[in-house]
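*Asks:* Residues per chain, in single letters:
There are 2 protein chains.
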Amino acid sequence: MLEKILEILYQNQNKHILPDEIASTLGINENEVKKAIQTLEDDGYTLEFTPNSGYKLKKSPNLLLPYEIKNNLETDYIGHEIYYFEEVDSTNNVAKKLAEDGAAEGTIVIAETQTRGRGRRGKTWLSPTGGVWMSIILRPNIPPAEAPQLTLMTGVAAAETLKEECGLNVGIKWPNDILIGSKKVCGILTEANAKFSTLDYVVVGIGIDANVDPEIFPSEVRKGATSLKMELNKEIKGPLLVQKFLKRFESTYNSFKEGNFPEILNEWRKLSKTIGSDVEVRKQLGKVVKGEAIGITQNGALILELEDGSLRKVISGECLHVKK
Amino acid sequence: MLEKILEILYQNQNKHILPDEIASTLGINENEVKKAIQTLEDDGYTLEFTPNSGYKLKKSPNLLLPYEIKNNLETDYIGHEIYYFEEVDSTNNVAKKLAEDGAAEGTIVIAETQTRGRGRRGKTWLSPTGGVWMSIILRPNIPPAEAPQLTLMTGVAAAETLKEECGLNVGIKWPNDILIGSKKVCGILTEANAKFSTLDYVVVGIGIDANVDPEIFPSEVRKGATSLKMELNKEIKGPLLVQKFLKRFESTYNSFKEGNFPEILNEWRKLSKTIGSDVEVRKQLGKVVKGEAIGITQNGALILELEDGSLRKVISGECLHVKK
Chain A
0 MLEKILEILY QNQNKHILPD EIASTLGINE NEVKKAIQTL EDDGYTLEFT
50 PNSGYKLKKS PNLLLPYEIK NNLETDYIGH EIYYFEEVDS TNNVAKKLAE
100 DGAAEGTIVI AETQTRGRGR RGKTWLSPTG GVWMSIILRP NIPPAEAPQL
150 TLMTGVAAAE TLKEECGLNV GIKWPNDILI GSKKVCGILT EANAKFSTLD
200 YVVVGIGIDA NVDPEIFPSE VRKGATSLKM ELNKEIKGPL LVQKFLKRFE
250 STYNSFKEGN FPEILNEWRK LSKTIGSDVE VRKQLGKVVK GEAIGITQNG
300 ALILELEDGS LRKVISGECL HVKK
Chain B
0 MLEKILEILY QNQNKHILPD EIASTLGINE NEVKKAIQTL EDDGYTLEFT
50 PNSGYKLKKS PNLLLPYEIK NNLETDYIGH EIYYFEEVDS TNNVAKKLAE
100 DGAAEGTIVI AETQTRGRGR RGKTWLSPTG GVWMSIILRP NIPPAEAPQL
150 TLMTGVAAAE TLKEECGLNV GIKWPNDILI GSKKVCGILT EANAKFSTLD
200 YVVVGIGIDA NVDPEIFPSE VRKGATSLKM ELNKEIKGPL LVQKFLKRFE
250 STYNSFKEGN FPEILNEWRK LSKTIGSDVE VRKQLGKVVK GEAIGITQNG
300 ALILELEDGS LRKVISGECL HVKK
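As given, the protein sequences belong to chains A and B, one line each in that order. When we follow numbering that gives the first Met the number 0, the leftmost residue of the first sequence carries the number 0, and every step to the right adds one. When we follow numbering that gives the first Met the number 0, the leftmost residue of the second sequence carries the number 0, and every step to the right adds one.
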């Protein structure tokens with residue numbers, strides 16, 4: 000109901016609209032309209048009201064409110080169920096619980112800020128207000144070994160969204176960081192749950208430094224991070240970005256389910272900044288592998304050519320691009 | 000002189016021009032003009048002549064004549080020296096002899112048809128009239144082991160020419176075939192000569208099925224070959240194609256000499272149709288390696304992931320893309 004009222008207000012942004020007109024359009028009573036308007040105001044919307052001409056929307060908060068995201072969302076199932084939090088420990092944690100409880104494929108969890116955002120390899124992921132912190136519940140019918148493909152697929156969808164919708168020259172650092180230049184603007188954390196030999200669910204977490212001011216990051220993070228706001232020199236509309244991303248994510252995921260991962264991986268290769276670079280991959284227990292990244296396999300393993308010409312398949316690790 | 004007269008005739012294609020006007024523009028006498036016009040007519044140009052108003056160019060032959068190629072050629076050194084043949088055994092053979100005799104970097108050998116065109120691995124390369132059969136002499140200051148990089152570099156220059164100038168959706172099949180769809184339209188044969196540990200010269204041979212009618216090929220060639228004329232449904236201007244290619248080749252080669260091979264290889268990766276495909280590579284003595292092509296090294300070796308997950312570096316061979 001809220002998204003429908005919001006839609007009417009957006010459609011009439013240049014004029015006032017009477018509550019009984021809204022009510023009759025939606026087939027509800029005026030009291031319900033007034034209650035909904037009160038909710039919008041509580042959520043940060045500014046409305047002008049005169050008894051003679053009714054409401055006019057003056058200003059929207061740039062928040063990731065579900066009815067903002069659902070308003071004109073062009074997807075078939077991704078983002079049709081939205082769990083929204085002003086603050087949450089981690090959207091992935093909530094999404095995993097929801098998935099355990101049977102939440103449908105496409106359900107998303109989104110928050111303005113995370114208090115315990117997690118990155119890969121147990122790292123903390125700083126998630127201040129202004130960013131997009133979101134998890135998507137998926138239930139693909141694939142063997143557990145192929146779950147890493149969803150990370151690469153999500154990277155392609157995220158990179159292409161930022162490229163096509165924001166006009167940014169982005170690249171992907173293996174396995175799952177979206178970079179602008181050499182600075183990270185988006186990260187992905189995929190967590191899968193398998194029962195026996197089949198995947199039960201996958202939670203794809205995605206964090207985008209949308210309107211984050213990198214100044215607020217500690218200095219060691221700041222030098223490697225940027226935000227869309229900083230790159231574009233303007234505040235971007237969070238809900239619109241989410242809509243664009245969900246639309247592209249859905250079409251990429253549909254293509255994935257139709258067996259087109261090889262084509263998606265080729266897109267990943269084209270977007271990759273790692274392939275063709277000299278890299279150091281830090282593995283567990285302080286082990287480091289150095290070489291030139293020359294390819295990636297279907298399962299997402301990076302192939303390095305070491306100095307002696309031998310090849311090494313690297314399944315996971317922290318990848319650094321190094322100067323020649 | 001011929002290219003200057005031709006340039007004047009092209010500039011005046013809508014009107015007649017008197018021989019003495021041509022003569023005075025070029026600072027030569029009228030007899031020299033008439034002799035040159037005779038040569039043009041012998042080469043297949045059709046000119047209209049009236050004693051009162053002079054010459055007017057009616058029709059050019061679509062031949063790869065040096066003065067056609069040099070007319071408005073936008074390069075600094077590639078193609079400034081051109082050896083032209085209506086028919087030759089192999090442009091690479093002639094180029095190698097010229098290189099032995101000290102021909103300058105950038106010298107090209109070009110022919111309307113080759114009687115003994117060669118492909119890789121000793122194969123015959125059919126070179127009928129209508130194609131562009133050309134060799135370029137290079138003298139790069141690189142170790143012999145890096146010569147294969149010039150094949151990849153040439154592939155990028157050729158593919159980008161066909162993509163940008165002809166608007167064709169081309170791809171590269173490792174190591175050096177330019178494809179449209181799954182059909183070959185262009186091949187490259189690089190031959191290097193090293194004295195001791197330094198390269199003396201490299202001859203880059205390139206064959207483009209420009210205005211070739213694939214119908215004339217034997218049936219086993221025909222099903223895997225196409226031509227620009229067939230794809231574009233019109234005859235293309237050979238000299239213009241050569242000019243566009245030489246310009247792009249020169250800028251790519253200059254970039255190569257400045258140490259930017261890694262960037263060129265990344266372009267190759269983007270254009271590659273082999274990476275991400277299942278392939279069979281036929282090696283000498285009938286050996287076949289099957290796997291998924293997942294990457295390429297700086298030295299042009301293809302990396303295959305075999306069915307058991309192991310990696311194999313393939314230096315050379317005949318590559319077939321196979322259906323999954």
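In case anyone wonders, no lab produced these hints; they're calculated from the structure. Glycine included, C-beta positions come from ideal geometry on N, C-alpha and C. Be aware that one or more of the hints could be misleading.
[Said to hold, decoys possible] In silico DSSO-like pairs for lysine-lysine, Cα to Cα no more than 27 Å straight-line:
{"no.": "1", "chain 1": "A", "residue 1": "K322", "chain 2": "B", "residue 2": "K96"}
{"no.": "2", "chain 1": "A", "residue 1": "K162", "chain 2": "B", "residue 2": "K312"}
{"no.": "3", "chain 1": "A", "residue 1": "K312", "chain 2": "B", "residue 2": "K269"}
[To be verified] Some but not every residue of chain B turned toward chain A, in silico, with C-beta under 8 Å:
{"no.": "4", "residue": "P50"}
{"no.": "5", "residue": "N51"}
{"no.": "6", "residue": "G294"}
{"no.": "7", "residue": "T296"}
{"no.": "8", "residue": "Q297"}
{"no.": "9", "residue": "I302"}
{"no.": "10", "residue": "E304"}
{"no.": "11", "residue": "L305"}
{"no.": "12", "residue": "L310"}
[Unchecked claim] Derived CB-CB ranges, DEER-like:
{"no.": "13", "chain 1": "A", "residue 1": "E219", "chain 2": "B", "residue 2": "K322", "range": "44 to 54 Å"}
{"no.": "14", "chain 1": "A", "residue 1": "L239", "chain 2": "B", "residue 2": "I215", "range": "48 to 58 Å"}
{"no.": "15", "chain 1": "A", "residue 1": "K322", "chain 2": "B", "residue 2": "M0", "range": "46 to 56 Å"}
*Asks:* Please go over all the hints and tell whether each is borne out by the structure.
*Replies:* The hints, checked one at a time:
no. : hint                        : result
1   : A/K322 - B/K96              : 42 Å, violated
2   : A/K162 - B/K312             : 34 Å, violated
3   : A/K312 - B/K269             : 21 Å, holds
4   : P50                         : 63 Å, violated
5   : N51                         : 60 Å, violated
6   : G294                        : 2 Å, holds
7   : T296                        : 5 Å, holds
8   : Q297                        : 7 Å, holds
9   : I302                        : 5 Å, holds
10  : E304                        : 5 Å, holds
11  : L305                        : 11 Å, violated
12  : L310                        : 5 Å, holds
13  : A/E219 - B/K322: 44 to 54 Å : 49 Å, holds
14  : A/L239 - B/I215: 48 to 58 Å : 57 Å, holds
15  : A/K322 - B/M0: 46 to 56 Å   : 52 Å, holds
The structure shown violates the earlier hints numbered 1, 2, 4, 5 and 11.
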